[in-house]
Amino acid sequence: MKLHRIKALFLRHLYPLRRDFDLLSDMLYWPLIDTLLWGITSQWLAETSGEANVALSILMALLMWNIIWRAQSEISRNLIDEIWNNNLVNLFSTPLMVREWLVSVMALSVIKMTFTLTIITTVIVGMWQANLLFFGWWLLPFIAAMVTTGWWIGFISAGIILRFGPKMQTVVWTLPGALLPFSAVFFPLERFPETLQIVSRMVPTTYIFETMRALAAGGAINWQALLFSFGFNFLYLALAIWYFVRSMRYSVKLGLGRFN
Amino acid sequence: MKKSPLIVQHLTKVFPPEKKGGDPFTAINDISFELKAGQILGLLGPNGAGKSTTISMLLGVLSPTKGSIQYFGQDFAKNKSGALQHVTFASTYIKMPWRLTVWENLKVYGTLYDVQGKVFDQRMERFLQFFGVWDQRHKTMNMLSAGQTTRIMLAKAFLPYPKIVLLDEPTASLDPDIAHQVRKFVKMQRQEYGVSILYTSHNMAEVTDVCDEVMFLKKGQIVAIDDPLSLARSVKTTRMRLLVKDGLKRIVKFAKAQNLPVSIDDREAIIKIDEQKIAQFLAKLAEENISYSQIAIDKPTLEDYFLQMSQES
Chain A
1 MKLHRIKALF LRHLYPLRRD FDLLSDMLYW PLIDTLLWGI TSQWLAETSG
51 EANVALSILM ALLMWNIIWR AQSEISRNLI DEIWNNNLVN LFSTPLMVRE
101 WLVSVMALSV IKMTFTLTII TTVIVGMWQA NLLFFGWWLL PFIAAMVTTG
151 WWIGFISAGI ILRFGPKMQT VVWTLPGALL PFSAVFFPLE RFPETLQIVS
201 RMVPTTYIFE TMRALAAGGA INWQALLFSF GFNFLYLALA IWYFVRSMRY
251 SVKLGLGRFN
Chain B
1 MKKSPLIVQH LTKVFPPEKK GGDPFTAIND ISFELKAGQI LGLLGPNGAG
51 KSTTISMLLG VLSPTKGSIQ YFGQDFAKNK SGALQHVTFA STYIKMPWRL
101 TVWENLKVYG TLYDVQGKVF DQRMERFLQF FGVWDQRHKT MNMLSAGQTT
151 RIMLAKAFLP YPKIVLLDEP TASLDPDIAH QVRKFVKMQR QEYGVSILYT
201 SHNMAEVTDV CDEVMFLKKG QIVAIDDPLS LARSVKTTRM RLLVKDGLKR
251 IVKFAKAQNL PVSIDDREAI IKIDEQKIAQ FLAKLAEENI SYSQIAIDKP
301 TLEDYFLQMS QES
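Residue numbers (the working numbering), protein chains in the order written: chain A, 1 to 260; chain B, 1 to 313.
Since the hints were made in silico from the structure, they are not lab data.
You can take every hint at face value.
If you want the footprint, here are the derived chain A segments under chain B, 3+ residues with CB under 8 Å:
(1) 12-23
(2) 94-108
(3) 247-259
Residues on chain B that point at chain A, a partial pick, calculated with CB under 10 Å:
(4) LEU84
(5) GLU104
(6) THR140
(7) LYS156
Given the structure is predicted, the values throughout are model-derived calculations rather than measurements.
Yeah, the Cβ is synthetic: ideal placement off N, Cα and C, and Gly gets one too.
Just need the whole structure built from these sequences, with the hints factored in.
So this is what it looks like as structure tokens:
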């Protein structure tokens, strides 16, 4: 693993930010629109229901979902960007190793996510005076769990694209969307039909959102839930990386040139 | 004796069938060759011969079904990253990210090979000045013409002091003067740094000019490896051009009677004939009282060899 090669990939994906509105809108525009929309909606819900913690729960859910979205998007979108630019052969005919690519896109996702998070947190706190620090240090494991979820979704999407080609590029946007309802992001798990709850319990983010809602309602930390979340997350991340590497090998068997 | 930096042995690539029940496709069938230190080896063949497949395998972006590739005495499959530190490529058909400027793109590639700082700046200025694209360095790639892009790709390939460069039709989209500059550059790099180069091109005059040796691929197999002139000389048929004032039709009739391919260009009869049979043919023409005012005999070129090999089934 060479640091200069990871730096090269950082340059590759940070340079376009200077002039690409597509990328900036992903990082800034849509998260801000979401924040405004859900911020006002949650405020209205809190006022009409009389439950102040509804607003906090919804705003935190929004913040956390943005972390997943950004983390996954950096991985699968960076791969699709190389395909759109006919650059896959260029890149993988250099000394760059697959594991260096993996590390660099994971690190890039954290950098870009931090940027997005800083902006929307400022807006949330500034406009609705939401006390996001209410969760204290628990925010750190919550964020770590969300980032890990984003990574494994990203690696699965990227693996699918490598295996089946750009015709499957829609998974970059649809796969995280499919997980959204099962994660109990905006409503409690018990509101779900029982059979679907089984699926939800296999999704690591469900435990985090449930814990956050419990904390916001004045409850205590559920250690078992956190353990389940991290257990599932690490298992899925390992499987997703395995699938990505396998898809890369499959793709090299057919030739990366087929993406040109 | 110095060991060749690239040794390919029994390389084979079989692609799986595209549809269930279909047949697998053998793109490369048991080829072996060496690229010697400081050599420029031409890789020729008609479309579908397997040139791109070979280059892809040499770059590690396509895995071989069988056989081995050795770079600098080491198995490429086991030391891909280490080998590719010294092996680069440029192709007319591969692009670079269009949202990055020329300079940014080259910076990314320089950093990948750990060519950074002043070394990078000096080397890039030298290359971009040489290729006449220095003024384009702050333009994004989508603003460049095909010819300018090709020159940037060449700068990318020679940036990290490579020991081996694979060039896939490096002059395909260039004007003759720029193509000449590229050939000059390639020869200069070989002379100054002893770079070994694998060179594909559809311009046979260029291959004859640049390459020390030529390897001819056909249907995934090597059918010949030799120097360009020897390959050209192996073509027995020459083109004899007879300028005829009167009696063009008689000449055509006579050539056809001798089973010789003949075509007409204005007042010229162009006859394809074995060099050794020319004297006999001209004597017979004289016997038949068929006269011509001028005669020219075109020696076979590498292009004739290419055409002959491509047409043979």
